[in-house]
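What follows is the residue order along each chain.
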Amino acid sequence: MWKQLAAFWRALRGSIRDLAPIILVIGFFQLVVLRQPVPDLTGLLTGTLLVVLGLTLFVRGLELGLFPIGETMAFSFARKGSLFWLLVFAFALGFGTTVAEPALIAVADEAASVAAEARVIDTSESAHNAYALGLRLTVALSVGVAIVLGVFRIIKGWPVHYLIMVGYLGVVVMTPLAPKEIIGIAYDSGGVTTSTITVPLVTALGVGLAMSIEGRNPMVDGFGLIAFASLTPIIFVLGYGMLF
Amino acid sequence: MESLDGYLDAILGTVRDVLPIAIILFGFQIFVLRRAVPNLKRVLVGFLYVLIGMVLFLEGLEQALFPLGRLMATQLTDPVFILGDAAVDHVLAWTDYGWVYLFAALIGFSTTIAEPSLIAVAIKAREVSGGSVGIWGLRVAVAIGVAVGVMLGTFRIVTGTPLHYYIIAGYIIVIIQTAFAPRIIVPLAYDSGGVTTSTVTVPLVTALGLGLASSVPGRSPILDGFGLIAFASLFPIMSVMVYAQLSEWYTRRRHDRGTGNE
Chain A
1 MWKQLAAFWR ALRGSIRDLA PIILVIGFFQ LVVLRQPVPD LTGLLTGTLL
51 VVLGLTLFVR GLELGLFPIG ETMAFSFARK GSLFWLLVFA FALGFGTTVA
101 EPALIAVADE AASVAAEARV IDTSESAHNA YALGLRLTVA LSVGVAIVLG
151 VFRIIKGWPV HYLIMVGYLG VVVMTPLAPK EIIGIAYDSG GVTTSTITVP
201 LVTALGVGLA MSIEGRNPMV DGFGLIAFAS LTPIIFVLGY GMLF
Chain B
1 MESLDGYLDA ILGTVRDVLP IAIILFGFQI FVLRRAVPNL KRVLVGFLYV
51 LIGMVLFLEG LEQALFPLGR LMATQLTDPV FILGDAAVDH VLAWTDYGWV
101 YLFAALIGFS TTIAEPSLIA VAIKAREVSG GSVGIWGLRV AVAIGVAVGV
151 MLGTFRIVTG TPLHYYIIAG YIIVIIQTAF APRIIVPLAY DSGGVTTSTV
201 TVPLVTALGL GLASSVPGRS PILDGFGLIA FASLFPIMSV MVYAQLSEWY
251 TRRRHDRGTG NE
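Same order as they appear, the protein sequences are chains A and B.
Using this note's numbering, the first residue of the first sequence is number 1, and each one after it goes up by one.
Using this note's numbering, the first residue of the second sequence is number 1, and each one after it goes up by one.
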């Protein structure tokens with residue numbers, strides 16, 4: 001019992017240290033630069049307490065649940081030896097986790113407003129919603145494709161940087177051809193797709209696969225899935241902007 | 001009652017986030033792999049921890065830090081704050097935005113240190129590298145990258161230069177660095193670009209971009225407000241490779257000195 005409490009206290013202290021910088025920065029700007037009192041101090045303190053507790057639980061849950069299941073599934077797929085099902089799984093994981101991502105929904109909505117403002121689409125509500133949904137599906141599709149490609153790369157042992165360079169080239173070639181309004185959104189969409197729950201899972205999957213395939217190094221071959229997932233949306237969204 | 005609604009929203013949002021993932025994982029486990037999950041109870045407890053942790057984390061941020069941070073982003077970019085009570089007809093130059101750049105860099109750094117998905121990747125990277133990539137080393141390297149990226153991004157919004165020039169220049173630097181960086185760090189460095197921008201960083205950085213684009217004369221929030229996230233996911237790639245090169249150089253030097261003494 002005491003041992004567990006001590007471990008929990010250590011974890012809690014770790015979370016406090018993780019959050020200290022952001023609290024210091026906001027405190028410094030509020031009190032020293034803007035010279036304003038802190039509104040609602042109790043709300044601030046309880047909120048911070050919740051954030052610390054939440055982060056502690058999240059990291060614990062990561063080690064108990066997300067990491068083990070990601071790795072176990074990678075091992076099981078490697079043992080089963082069916083490339084087809086592994087790639088179906090990779091696609092489902094990428095597409096499924098992205099399509100419902102709140103940050104993406106917000107960005108897609110924003111993008112539809114931009115398109116309407118630029119008179120690319122009708123200003124009607126239905127055109128707005130159709131454009132936003134199309135964009136969301138495009139990004140989800142691109143993440144699905146990215147994870148499939150990334151998993152295939154791990155199996156083949158291709159170096160990650162060649163594929164990334166091809167992707168960069170795609171972005172550079174497509175940027176001047178795409179409508180000006182979509183560029184900022186496209187570049188940003190690469191960053192918003194990978195959520196807090198997807199990242200640990202996908203990382204564990206990649207590392208697990210690289211460990212269970214002979215001749216692969218988990219450090220060199222296991223990482224890189226997230227990199228694909230944040231590059232393909234840029235290309236796909238630029239493409240979407242060119243087509244619609 | 002209001003805060004209860006907030007919790008309910010946060011719980012619903014997180015469940016909606018986790019549900020598709022849980023369905024995919026357990027669906028494949030049961031129907032395709034056809035085997036029981038080892039330590040099922042432990043894994044489920046882990047999922048529950050992640051769920052509760054995310055709810056508390058998001059709700060706490062929404063209660064404490066986000067409102068203040070967003071307010072700050074608009075206040076710092078307000079011309080009245082920048083000029084003080086001085087001349088109203090003074091035209092703002094890019095050098096007048098000093099506090100904004102500092103805020104951008106510090107908020108980029110500190111939100112990245114608090115980013116849960118980066119913590120996850122750092123834990124995994126230490127485990128896989130056998131300790132040669134430290135948790136704090138990686139996190140601080142990424143955070144410095146985000147700080148520089150967001151700062152440069154605000155500078156771009158202030159000056160109104162096109163986004164893609166910066167990004168393409170960044171790509172070229174990344175490619176050159178790749179040629180010289182230790183092989184083993186390259187995939188991790190590329191990954192850290194996508195990892196940094198999630199729960200904590202995106203809302204604050206987006207608020208900063210939109211606030212800045214709507215207060216700088218001649219910028220439109222729609223055209224110029226985007227792009228900070230792109231900066232924040234490009235620069236960590238460079239900073240992580242620099243970190244790897246520096247630590248390799250340091251180890252080699254120490255090693256050389258060690259053999260020289262013998």
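Treat the hints with care, as some may be off.
Listed next, the in silico DSSO-like pairs over lysine-lysine satisfying Cα-Cα at most 30 Å (straight line) [said to hold, decoys possible]:
hint	chain 1	residue 1	chain 2	residue 2
1	A	156	B	41
2	B	41	A	80
3	A	80	A	3
For the chain A half of the interface with chain B, some residues (derived, Cβ under 10 Å), not all of them [stated by the list, open to error]:
hint	residue
4	2
5	6
6	7
7	9
8	12
9	176
10	223
Don't read these hints as lab results, they were simulated from the structure.
Each residue gets a CB set at the ideal place from its N, CA and C atoms; glycine is no exception.
How the hints compare with the structure:
1. Taking the CA atoms of residue 156(A) and residue 41(B), the gap is about 35 Å. The hint is violated against a cut of 30 Å.
2. In summary, the hint linking residue 41(B) to residue 80(A) is supported, as the alpha carbons are separated by about 24 Å, within the 30 Å threshold.
3. With a C-alpha separation of about 40 Å, the suggested pair residue 80(A) and residue 3(A) falls outside the 30 Å cut-off, and the hint is violated.
4. The closest approach between the C-beta of residue 2(A) and any C-beta of chain B is roughly 21 Å, which is over the 10 Å cut-off, so the hint fails.
5. At a threshold of 10 Å, the smallest CB-CB gap from residue 6(A) to chain B is about 18 Å, leaving the interface hint violated.
6. Because the closest C-beta pair between residue 7(A) and chain B is about 14 Å apart, greater than 10 Å, the hint is violated.
7. About 17 Å separates the beta-carbon of residue 9(A) from the nearest beta-carbon of chain B, more than 10 Å, and the hint is not met.
8. Taking 10 Å as the C-beta cut-off, the interface hint given for residue 12(A) is violated, the closest approach to chain B being about 12 Å.
9. Evaluation of the residue 176(A) hint against chain B yields a held restraint, the C-beta minimum of about 8 Å falling below 10 Å.
10. Hint on residue 223(A) holds. Least Cβ distance to chain B is approximately 4 Å, under the 10 Å limit.
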